[in-house]
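So the protein sequences, as listed, match chains A and B. Just so we're aligned: 133 in our numbering is position 133 of the first sequence, and the numbers increase by one with no gaps anywhere. Each position in the second sequence, counted from 1, maps to that position plus 1000 in our numbering.
Keep in mind the hints are simulated off the structure, nothing from the lab. Given the structure is predicted, the values throughout are model-derived calculations rather than measurements. Possibly wrong hints are sitting among the right ones.
[Stated by the list, open to error] With beta-carbon atoms standing in for the labels, derived distance ranges: (1) His151/A with Asp1077/B: 50 to 56 Å; (2) Lys85/A with Glu1499/B: 38 to 44 Å; (3) Ile1092/B with Val38/A: 56 to 62 Å.
[To be verified] Which chain A residues face chain B? A few, computed with CB under 7 Å, are given here: (4) Ala20; (5) Val70; (6) Cys72; (7) Pro88; (8) Glu90; (9) Pro119; (10) Arg138.
Note that the Cβ used here is the ideal one computed from N, Cα and C, for glycine as well.
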Amino acid sequence: MAISVKVMERPVGEVSYVRATLKGLALTLKHLVDPHRVTIQYPEEKWDLSPRWRGTHRMLTTEDGKAKCVACGLCPTVCPANCIKLVPGEDEVGNRYPLVFEIDEFRCIFCGYCQEVCPEEAIHLGRHYENAEFNRARFVYDLERLTAQTHPVSTLWDPADPRGE
Amino acid sequence: MVNLTIEGRTVSVPEGTSILEAAKAAGVLVPHYCYHPGLPVAGVCRMCLVEVEKMPKLAPSCATAAAEGQVVHVFSDKALEARKGVLELLLINHPLDCPICDQAGECELQDYTFQEGRADSRYREPKRFNPVEDFGGDVLFVANRCILCTRCVRFMDDVHEAPVLCVSERGDRAMIARTGDEGLTQPWAANVVDLCPVGALVSKDFLNKARAWELDRTASVCTGCSQGCNTVLETRDNVVVRQKPRANDAVNQFYLCDVGRLDYRWMNRTDRVESPKIRMHDVLSMVDWSIAMREATRLAEGRRAYVVASPRLSNEALFLLKRIITKTGGEGVFRCATGPEAPLPGVEDLSLRADRAPNVTGAERLGFTRRDGDPFAGLRDGDLLILADEALEGLDVAAARRAGAVVVVGTTLPVGVMPHVVLPIANVAEEEGTFTNLRGRVQRFLQAKAAPGLARPSWYALADLATALGTPSDDCQLPSAAFAALAASEPAFRGLSYERLGLRGAPLADAMVGAA
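Chain A on its own, in the form it takes in the complex (with noise of 0.2 Å):
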């Protein structure tokens, strides 16, 4: 039994390439002579990151360069990661001060709650993103790699708008 096909009946109107190519090339002429670009080009250009972001941490130091930080265990207490690993000690004053203080930052989900839970606003969020190492070791950062970073933190709400309305 011989296979019959129907051909259909297009208008040669809608079904043409033509009309779709010609439409393609119009819209890159326009992209050519429009100066509005989306692509970034980085590394020259960055990002302007939201006062909010949430990326890789810092610690703050006092004036004379030491960790603002106590030791005072909130911050792996609260790390729903457990991702803090905090050892206190006692400086040389005798301050409670912490021995090691390490954040696996590959542990870290960046939820924030060590920043907003430290009572000596010591630990925070940093306004950051690049964070490529050579070696999977460096992404625990120690206190002294903590104090030494120099990059924007976060403030976890918008100034302008705290409730999130």
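Chain B: place on chain A using the hints.
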């Protein structure tokens, strides 16, 4: 007996009981600072104010006796408002340094402020400041945190009977001070750290070591002496970081001496035997438990067992050793370190005892002979010497060479003796068991941390060893079962069981009447 109603619950208490204690019996906790059941009533903190119907003013419940027909409201608006005011005044000079305070998490000031206090302070003036002072002993005084409840002063005056603390100055300058230069060097002085409801008196040993909420707490018994004070072992990350007293009216009330309190570091030793070993070609090689047991069976063939046990072993372990001794017609001895006695004057029959081991009575009751000088005196040529948790420190071990074979059941290797078989066991913090204190009170301790490597609880290792040496001990497959077997075969322990002991212990059947 008087009947009264507290927060809608009726209770009946003996005459003379304070409202605060009556409320406790009714299951209501009245907030308080200066009141402590072990100390005389002072009524200085005003925190326990409650409303008693038909009384014109609020009454301090610690110092008001419960009376027939009283109706007490602990959480009425009037009482809550008054306590809120008290808390606000207590906090005006408090530094609010909870983040760096060791008491945070177990602080009554924190708890009650959270429960009933104001959310903010109206005090705008500069706070009073006094420097931190070292009170001697294990105690550090952080004056700023003090709320002047005077529990420490009353403990040193009335319980320790060594009046070295006082309240000096008056009014808002008042502070706790030492009366002389002596300080808190008395043997029981560190109890003021536990008594202090806030972080004013803190332990130097525990300072900045851990936060209260990170600790796991396990009921235990102090191993410092034969008094057998009830304690709590507090661990973090499998390390014992602190030992605190646990209340038991029959033994230590609320107290623990400084020697016992600081006697926990050895529980964290890292130079432990972690696997069974046997001697091969004059070196110790790690082997499996079953191979070590087979070797023990081979060595014990036809030999008399001579056991040198430690009085730090539990009743269960000593009982299983006794089985081995009885089977082979052997002998069991122990030695015990001694030190000066140090009684706590205000409490009857409570003292740091001369025998510095927890289970001397248990060892004696189970037929072990005390030989402090030379534990090897009875050792005969060719005996099977079993060293049970006895490291032989400070002993002349030449006599031990008479032994035909040496089996070590211990946490560490003994000094100067080359064993044939080594069976690693858990220490007191790592196993369950019981001790018998010098008044014949049998008390349980529970497991606080994990044992290292292949080490097994002492009752487990010794039940296997007893089986290997020809006394089947299949009836001891749990510490409770080992204790049941002990109770069944020893008349003194008859009628006792883990259920019966609970966490407060029970006296032996023939223990001295009236003694703790």
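Checked hints:
Take histidine 151/A and aspartate 1077/B: their Cβ atoms lie about 52 Å apart, and the range 50 to 56 Å holds. For lysine 85/A and glutamate 1499/B, the hinted distance range of 38 to 44 Å is satisfied, since their beta carbons lie about 42 Å from each other. For isoleucine 1092/B paired with valine 38/A, a C-beta distance near 60 Å keeps the hint of 56 to 62 Å intact. Residue-level restraint check for alanine 20/A is violated (minimum Cβ-Cβ distance to chain B is 67 Å; threshold 7 Å).
Hint status for valine 70/A relative to chain B: holds, with the closest Cβ pair at about 5 Å, below 7 Å. Among the interface hints, the one on cysteine 72/A holds; its C-beta lies about 3 Å from the nearest C-beta in chain B, closer than the 7 Å criterion. Taken as an interface hint, proline 88/A checks out: its beta carbon lies about 5 Å from the nearest beta carbon of chain B, inside 7 Å. A distance limit of 7 Å between C-beta atoms decides the matter here; for glutamate 90/A the minimum to chain B is near 6 Å, and the interface restraint holds.
Restraint check, proline 119/A versus chain B: the minimum CB separation of about 5 Å is within 7 Å; hint holds. Annotation: arginine 138/A was flagged as interfacial toward chain B, and the flag is violated, the nearest CB pair being 25 Å apart, outside 7 Å.
Hint compliance for this structure: hints 4 and 10 are not met, and every other hint is.
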